[in-house]
Amino acid sequence: MKLRPNKPQDADINLTPLIDMVFLLLIFFMVSTTFDKETRIKVELPEATAAVEEKRKVEPVHISIDAQGRFYVNQEELVNSDFSILKRALEKAVAGQSPLPSVIITADAKTPHQAVMSAMDAASQVGMYEMIFAAKQRSEK
Numbered sequence: 004m005k006l007r008p009n010k011p012q013d014a015d016i017n018l019t020p021l022i023d024m025v026f027l028l029l030i031f032f033m034v035s036t037t038f039d040k041e042t043r044i045k046v047e048l049p050e051a052t053a054a055v056e057e058k059r060k061v062e063p064v065h066i067s068i069d070a071q072g073r074f075y076v077n078q079e080e081l082v083n084s085d086f087s088i089l090k091r092a093l094e095k096a097v098a099g100q101s102p103l104p105s106v107i108i109t110a111d112a113k114t115p116h117q118a119v120m121s122a123m124d125a126a127s128q129v130g131m132y133e134m135i136f137a138a139k140q141r142s143e144k
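Residue 4 is where the sequence shown starts when you use this note's numbering, and the numbers rise one by one after that.
Any given hint could turn out to be false.
Derived DSS-like pairs (lysine-lysine); straight-line CA-CA distance at most 30 Å [unchecked claim]:
1) Lys113 <-> Lys95
2) Lys139 <-> Lys90
3) Lys60 <-> Lys95
4) Lys90 <-> Lys113
5) Lys113 <-> Lys139
6) Lys60 <-> Lys90
7) Lys113 <-> Lys60
8) Lys139 <-> Lys95
Pairwise CB distance ranges (calculated) [stated by the list, open to error]:
9) Glu79 <-> Met123: 41 to 49 Å
10) Lys113 <-> Phe86: 50 to 58 Å
11) Ser87 <-> Ala138: 47 to 55 Å
12) Ser105 <-> Val82: 19 to 27 Å
13) Ser127 <-> Glu80: 45 to 53 Å
14) Pro104 <-> Asp69: 18 to 26 Å
Don't read these hints as lab results, they were simulated from the structure. Predicted, not measured: the structure shown is a model, and the values here were computed from it. Just so you know, even glycine gets a beta-carbon here, dropped at the ideal spot from N, CA and C.
Construct all of the structure, not just a fragment, from the sequences and the given hints.
Here's what the structure looks like:
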């Protein structure tokens with residue numbers, strides 16, 4: 004009878020349960036973590052005796068355009084709808100103001116598109132790049 008010595012078998016490490024546990028821990032931490040402002044670093048700012056500069060409230064310039072394409076700057080009608088007159092009226096309205104105010108463009112629904120484009124162009128040439136377009140909310144039918 005020939006007896007062979009038993010060769011030791013190579014140890015097999017099964018990684019599947021380990022990967023499952025790591026995945027479950029990852030999901031647990033993702034679900035239980037909160038991303039509120041409470042997790043930010045709290046800093047108490049030092050005090051200073053310097054005066055706080057108050058921001059000046061700059062009133063916006065209103066450009067109104069009626070159905071015929073006539074311009075009104077701050078409720079005053081311009082003599083005609085010429086681009087250069089509109090530009091001069093805007094320059095007069097913002098003379099000496101720093102920073103330049105925003106422009107509120109209110110146009111009639113039947114206003115020619117060219118009139119609105121002229122108002123936008125004149126405002127941008129004067130240096131007023133913040134434009135707001137007024138509209139009313141559509142009623143549900």
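Each hint, compared with the structure:
no., hint, result
1, Lys113 <-> Lys95, "holds (28 Å)"
2, Lys139 <-> Lys90, "holds (27 Å)"
3, Lys60 <-> Lys95, "holds (18 Å)"
4, Lys90 <-> Lys113, "holds (23 Å)"
5, Lys113 <-> Lys139, "holds (14 Å)"
6, Lys60 <-> Lys90, "holds (23 Å)"
7, Lys113 <-> Lys60, "violated (33 Å)"
8, Lys139 <-> Lys95, "holds (29 Å)"
9, Glu79 <-> Met123: 41 to 49 Å, "violated (19 Å)"
10, Lys113 <-> Phe86: 50 to 58 Å, "violated (21 Å)"
11, Ser87 <-> Ala138: 47 to 55 Å, "violated (28 Å)"
12, Ser105 <-> Val82: 19 to 27 Å, "holds (25 Å)"
13, Ser127 <-> Glu80: 45 to 53 Å, "violated (22 Å)"
14, Pro104 <-> Asp69: 18 to 26 Å, "holds (22 Å)"
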